[in-house]
Amino acid sequence: MGGQIFLGVLGGSAGILVSAGVFTVLLSVGLVPRFAGKTHTARHIFLYEEMIVLGTLSGDGLSILGTKAQLGDWICGQLLFGPDTVQLWRAVSSVLLGLFGVFAGVFVGCLALAIAEMLDSIPILTRRIGFRHGLGVMVLSVALGKLAGSLIYFGLRFYETGI
Amino acid sequence: MPKETLYLKLERNVELMQEEIRMKDLGRFACRDEKILNRVKVLLVARFDPKKDGGRKVISVMYLIKKLTKEFPDLEVQSIGETEVVAERVCTPKRKNGWVFLKICVVSGICFFGAAFTIMAFHNDISIIRVFDRIYTLVTGQKSDSVTVLEISYSIGLALGIIVFFNHIGGRRITRDPTPIEVEMRVYEDQVNSALTETADREGKTLDAD
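Note that the protein sequences, when read in sequence, are chains H and W. Take 1 as the starting number for the first sequence in the numbering used here and just add one per residue. Take 1 as the starting number for the second sequence in the numbering used here and just add one per residue.
Incorrect hints may have been included.
Claimed, not checked - Stretch by stretch, here's where chain H covers chain W in the computed footprint (C-beta under 8 Å, at least three residues):
1. 31-45
2. 121-127
As the list claims (entries may be wrong) - Under the rule of at most 16 Å between Cα atoms (straight-line distance), these lysine to aspartate or glutamate pairs were calculated in the EDC-like manner:
3. H:K68 - W:D133
4. W:K66 - W:E76
5. H:K38 - W:E88
6. H:K68 - W:D145
7. W:K52 - W:E20
8. H:K38 - W:D145
9. H:K38 - W:D53
10. W:K52 - W:E189
If you're looking for bench data, these hints aren't it; they were derived computationally from the structure. Computed from a prediction, not measured in an experiment: that's the story for all the values here. Even glycine gets a Cβ: it sits at the ideal position worked out from N, Cα and C.
Work out the full structure: start from the sequences and follow the hints.
Spelled out as structure tokens, the structure:
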């Protein structure tokens, strides 16, 4: 019993500190203000914050609970939507996964460049090599490079072996 | 007759619907003489020209002072606000609701899935399940069956931390302070504003006195 209480306290403190750390990183790169500024929807910042909170909690649930949180298995096992559940769920889940992929990709792409920008790498580079024009080409090249890197990573199965 | 003094306090950033920019759009004014005050307020400063300025003008306080002293030679102008104001023309879009709703949905989607992905990637990075397994075995001496008190309390702690950090839950604030993203939003707006004024200045597009 004592051990369980100890573990509970340990887990709770770990959670609180991790959330502070993770969100400090997310906030200090200033992604959400930028999204809100670009779309002129600064009035709805509250909603965006709630979405970040909900997203973090669901991601936490999915990754912490591991095999216990396999929604698809459970739905197909129970035949929740009648006899065609397996086919139906396959269609629904591929749409869900597509949405997840696109949105998470946009987020990570913005995060990567925002972190690069926080270190002032682009202003410093342009100053060092002394060019005034072609910034757009440079940003485009960074994006294309990221795309190529991502395709190579998944296409050549780097994730199995590490590079 | 002593000189009248006009106090003017420019805003940093104003949004206008109409094509003409008048004095009263750019800030606040105070003057003892009501008549002068009213004439100053409706004085035309400039017009937006979509071809030349793209619906955005940076106006220097010097330009306004020049204009005012030309119109009212006896007036003394005291500026106590910003030295530059960014005037932007916002066209009221007709398809407003649907479009804005779509944009809100997209940004919400990015925030939701992005945050979910980030926390999962973080957990994967630090192999949290193995760490928790080891701690569980260390403390209790038994093997962990994937969901233990440790995982549950960690999740509760994470939720608590986020709620305290962001200072609101379910659309309701816990204390009256602005939330961190609201603070970041102001900082971002300030930075955009100073970038706009400085770029306009460098390119010589600011409406300024010679």
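Outcome of the hint check:
no., hint, verdict
1, 31-45, "violated (count 0)"
2, 121-127, "holds (count 3)"
3, H:K68 - W:D133, "holds, 15 Å"
4, W:K66 - W:E76, "holds, 11 Å"
5, H:K38 - W:E88, "holds, 15 Å"
6, H:K68 - W:D145, "holds, 10 Å"
7, W:K52 - W:E20, "holds, 15 Å"
8, H:K38 - W:D145, "violated, 46 Å"
9, H:K38 - W:D53, "violated, 19 Å"
10, W:K52 - W:E189, "violated, 24 Å"
Of the hints listed earlier, those the structure fails to meet are numbers 1, 8, 9, 10, in rising order.
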